[in-house]
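**Student:** Relying on the hints, combine the two individually framed chains into one complex.
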Amino acid sequence: MAETSEAQASASASAPGGDAGQEEEKHDERMLECNICLDTARDAVVSMCGHLFCWPCLHQWLETRPSRQVCPVCKAAISRDKVIPLYGRGNTKQEDPRNKVPPRPAGQRTEPENNSGFPGFGFGEGFHMSFGIGAFPFGIFTSTFNFGDPRPSAAPRGTAQYEEEQFLSKIFLWVAILFVLWLIFA
Amino acid sequence: MANIAAQRIRREIKEVMKNEETAGASIKLELIDNRWTELKGEIGGPPDTPYQGGTFILEIKVPETYPFNPPKIRFLTKIWHPNVSSVTGAICLDILKDQWAAALTLRTVLLSIQALLAAAEPNDPQDAVVAKQYREDPHMFEMTAIHWTNVYAGGPTPVFEFNQKVRVLTEIGVNEQVARVALSTYHWDIERATEEIFSIYP
Numbered sequence: 004m005a006e007t008s009e010a011q012a013s014a015s016a017s018a019p020g021g022d023a024g025q026e027e028e029k030h031d032e033r034m035l036e037c038n039i040c041l042d043t044a045r046d047a048v049v050s051m052c053g054h055l056f057c058w059p060c061l062h063q064w065l066e067t068r069p070s071r072q073v074c075p076v077c078k079a080a081i082s083r084d085k086v087i088p089l090y091g092r093g094n095t096k097q098e099d100p101r102n103k104v105p106p107r108p109a110g111q112r113t114e115p116e117n118n119s120g121f122p123g124f125g126f127g128e129g130f131h132m133s134f135g136i137g138a139f140p141f142g143i144f145t146s147t148f149n150f151g152d153p154r155p156s157a158a159p160r161g162t163a164q165y166e167e168e169q170f171l172s173k174i175f176l177w178v179a180i181l182f183v184l185w186l187i188f189a
Numbered sequence: 061m062a063n064i065a066a067q068r069i070r071r072e073i074k075e076v077m078k079n080e081e082t083a084g085a086s087i088k089l090e091l092i093d094n095r096w097t098e099l100k101g102e103i104g105g106p107p108d109t110p111y112q113g114g115t116f117i118l119e120i121k122v123p124e125t126y127p128f129n130p131p132k133i134r135f136l137t138k139i140w141h142p143n144v145s146s147v148t149g150a151i152c153l154d155i156l157k158d159q160w161a162a163a164l165t166l167r168t169v170l171l172s173i174q175a176l177l178a179a180a181e182p183n184d185p186q187d188a189v190v191a192k193q194y195r196e197d198p199h200m201f202e203m204t205a206i207h208w209t210n211v212y213a214g215g216p217t218p219v220f221e222f223n224q225k226v227r228v229l230t231e232i233g234v235n236e237q238v239a240r241v242a243l244s245t246y247h248w249d250i251e252r253a254t255e256e257i258f259s260i261y262p
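Residue numbers (this note's numbering), protein chains in the order written: chain E, 4 to 189; chain F, 61 to 262.
Bound conformation, chain F alone (with noise of 0.2 Å):
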């Protein structure tokens, strides 16, 4: 069985090396351990989105009996997404639970998710507060986004004000990444954040 598994993972990174070659390098495969068991992915942000110029680290786990069951996927950075968790980076996508294939690879999935980052789904969210922003308030939405891209992917395009705000509660010795979920969950009012930190954390 982990036969299988070992056998598709070593082809799977030949042909994602070798198409990294022809079709730039949007994606990345990497492997962990040497019993491949253990990956890193890479998805560039796909363009005309908040994402694109930000660089997305994945974990992936091969389960034994891969490929007739789905690789455990999540983000490593932190992004703003509907369909992914702000604190965990857990993926809800169906190809990854009960709509998975065994002819799909990691690079097609890994393809699935970066499509997932150019068309959300909030109909069928993982993080509620995301989902609830970007149905009820797209440009704050997408400014948020944009923000935690530049901030963790490494994005182009910094928000200051956002910054600043964020800054503003680091200096009374808030936690940052405390300070960030707290302002982009609150619509960015510096007030409510403040209350809302000051509640959990007293």
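Okay, chain E solo, but in the shape it has when bound (with noise of 0.2 Å):
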């Protein structure tokens, strides 16, 4: 019944013409109307077998049958790429709804990891990962046995803050020899 309201439509309408801009949709609103949605056709597109719709409207159609793409009014063969975009007047910006709405899906490609700073390094970050942890206790080594460094915060010898020191050093030498034990052995 959509057709008959059309043809009521345009024998109201004065030409029916290719530029229907904003005004003539003032003029008659029920010519404009989408043919799903059945309000005033945004981000409009016309088939082939000359039946209008939004674009949101016919792609959701699309969607919901993909198998089986027919014109919702006359059921002719339809399709995205079958669709021709329409662009009134009062329209600025002439941009092609199918582009825009709905957001086309991106690509599902991904780019390669960045590794230029490190040309040699063919290893992945899994090795990097693993180094790090092996030279953890190696690290409190170097900073418990590092005798050729003056110590700005080192006590002089014989002060209790000495002794003190001394002990800690000796008890993270310990913790430090067995964590390497466990590593080893564990």
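It should be emphasised that the hints constitute simulated quantities derived from the structure, not laboratory data. For every residue, glycine included, the Cβ atom is placed at its ideal position computed from N, Cα and C. Be aware that one or more of the hints could be misleading.
These stretches of chain F come out as covered by chain E in the derived footprint (C-beta under 8 Å, 3 or more residues) [as the list claims (entries may be wrong)]:
(1) 126-140
(2) 160-174
(3) 250-258
**Tutor:** Written as structure tokens, this is what we have:
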């Protein structure tokens, strides 16, 4: 029955020409109604069989039954590539609605990791990770046995603070050794 | 999603109301709740059919995904028709299934159902018993359909012979609906109908 209303509409409309802009839309809104939502078509597209739709509405119709893509009005064959977007005069952005709504899904391709800074290392992340953990106790070693460096905070020999520091560093040393042994035998 | 459905139903009801004034009242649409999901449809029996003069009530359930999927429609008024179940009221109509199109409206669907009443499809039946009678004994089918229209849909033509047979069975304690279905199924042969009733409900 959409056709009857369209026929009535075209009888009263003065010029069913190509530049059906917003003015004519106001005169006779029914002529420019989407055949799916029955509202004024937005992001309008027209099928090869001449039926008007909102692109979001038509897209959803095509998505609902991808195996049987037919015109909702006359059941002629229809597809995404066989509809024509309509650009009214008042429309400033002449953008193809098929590209806009709904947004096309982005490609699933992912970019490779950027390894340009280390051309020699062909290993992945995992290698770096395990190396870092393995080095941890040696880090304690080096900080404990750094005889060469003058330690600014070192207390003079014989004082109570010196004894405490020696004691602490021995504890840390044994903890480190135990940790290394645990790493090796566990 | 539900927005499109609700908005469309609102527009469709308005449209039907507008058409009601001009094209007579052979089709009516009425809201049941305020959530736009359940409606009551009403169609008049088409002229020159056994359903003439009857008023048939239909239950309409609008899915969330309307208009991308068809509404669910069944007869609430009992009807004797090859494409409508005489028990449940389920309708066998392609546009309510795989031939649905988003540009169809409740008004056009009700018109299609009305057209189905005028032109049955006995080769694609919903009710096999009715379809068999339609093919093999058209006159018996027509009388039965007129009788059902008179009893359930307020049709103008009573079939006295059938009314009497139903009364015979109800007087011996058979449920009226059960009696009518059994008599309709067995070509109004009261003996066979009685036999059938007491073999199912001893």
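**Student:** Would you mind marking each hint as holding or not holding in the structure?
**Tutor:** Cross-check of the supplied hints:
1. 126-140: Per the Cβ count (3), the hint holds.
2. 160-174: holds (count 8)
3. 250-258: It is violated: at least three residues are needed, and the stretch 250-258 of chain F offers just 0 whose Cβ sits closer than 8 Å to chain E.
The structure is inconsistent with hint 3 alone, although it conforms to all the rest.
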